[in-house]
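A.B. asks: The sequence shown begins at 39 in my numbering and counts up by one.
What the hints contain is simulated information worked out from the structure, not anything from laboratory work. Only a predicted model underlies this, so the values are computations on that prediction, with no experimental measurement involved. Keep in mind that the hints are not guaranteed to be accurate.
Said to hold, decoys possible - Straight-line alpha carbon distances no greater than 25 Å define the calculated SDA-like cross-link-like pairs of lysine to any residue that follow:
no.	residue 1	residue 2
1	K85	S199
2	K166	F221
3	K85	I182
4	K85	T196
5	K85	V208
6	K166	T54
7	K85	L135
8	K85	V139
9	K166	I47
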Amino acid sequence: MESSPSDRIVPLIVATALFMENMDSTVISTSLPAIAQALGTNPLALKLAVTSYLLSLAICIPASGWTADRFGTRNVFRAAIGVFVLGSIGCAASHSLEEFVLARIVQGAGGAMMTPVGRLIMVRGIDKRRLVNAMALVTIPALIGPICGPPLGGFITTYASWHWIFLINVPIGLVGIVMASRFIPNIRVERPDPFDYVGFLLSGCAIAGLAFGLSAMGLEFLPTSIVASLLCGGAISAVAYLIHARRSPAPILDLSLLRLPTFRASIFAGFCSASASARCRFCCRYFSRSAFISRRFNRALSPLPPRSVRCS
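Make a model of the complete structure from these sequences and hints.
C.D. replies: See below:
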């Protein structure tokens with residue numbers, strides 16, 4: 039069966055957006071001395087710019103699913119690219135550390151909507167028989183982005199100016215908005231669940247407190263009492279969210295997904311690879327059971343409860 043042009047173009051649009059978003063998470067790492075000199079600050083203090091971008095991503099991602107259901111995948115995806123471009127312009131135009139960190143937060147908020155909404159576009163808009171190939175086309179550039187970030191940032195800073203690290207996102211983003219308006223369908227849910235404001239606040243406080251506290255602990259940028267308060271506040275918020283999620287009919291973070299063996303295996307593998315322990319004997323024995331994984335993978339693909347969606 040021949041594929042339609044949209045089945046090939048939509049993955050390329052999503053892949054380009056994810057590549058741009060993932061690359062910006064690491065692109066400034068080799069440019070920190072030049073950026074610090076231009077902003078008149080300590081290069082070590084610019085770690086806040088890296089941390090703020092990742093924190094903004096983590097805090098805003100849980101709201102992306104409901105936003106796409108409520109306003110439509112195409113509208114949210116275009117808006118996310120636009121916010122990301124505005125954040126990039128703000129980074130290039132910054133004259134102080136505070137302005138730079140604020141622009142990185144805006145940039146991260148746009149990127150947080152691009153990643154999950156882009157994958158949602160793939161799941162809802164691509165024929166299921168071609169979904170695996172389309173996902174592979176999207177995943178490969180997203181994984182290459184963080185690897186290309188440091189050398190690209192160093193090259194641009196050496197032979198041009200660090201401002202172009204962010205300004206290069208502007209033409210790419212504008213082309214992405216035009217292409218998304220033309221080829222991506224605007225799929226939305228007819229009756230979306232009510233937004234979990236309490237869950238969003240608690241999960242955001244938990245992620246921000248724990249992640250920022252652990253990051254600041256090794257930076258020695260904040261007093262120990264403030265770092266301890268951040269960690270305690272994040273831990274309390276995490277426990278409060280767990281209690282709230284059990285009582286809420288539609289929590290913003292669906293922790294019941296952890297009941298799926300394949301989902302647990304992917305989380306476990308991610309932590310192992312991040313901590314350089316994927317080669318341990320337990321991991322090899324766990325992931326070598328192909329029949330075990332295959333059987334649970336088939337169970338995970340069982341039909342989900344239908345949801346009323348509308349494509350405009």
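A.B. asks: Kindly indicate which numbered hints from before are broken by the structure, ordering the numbers from low to high.
C.D. replies: none
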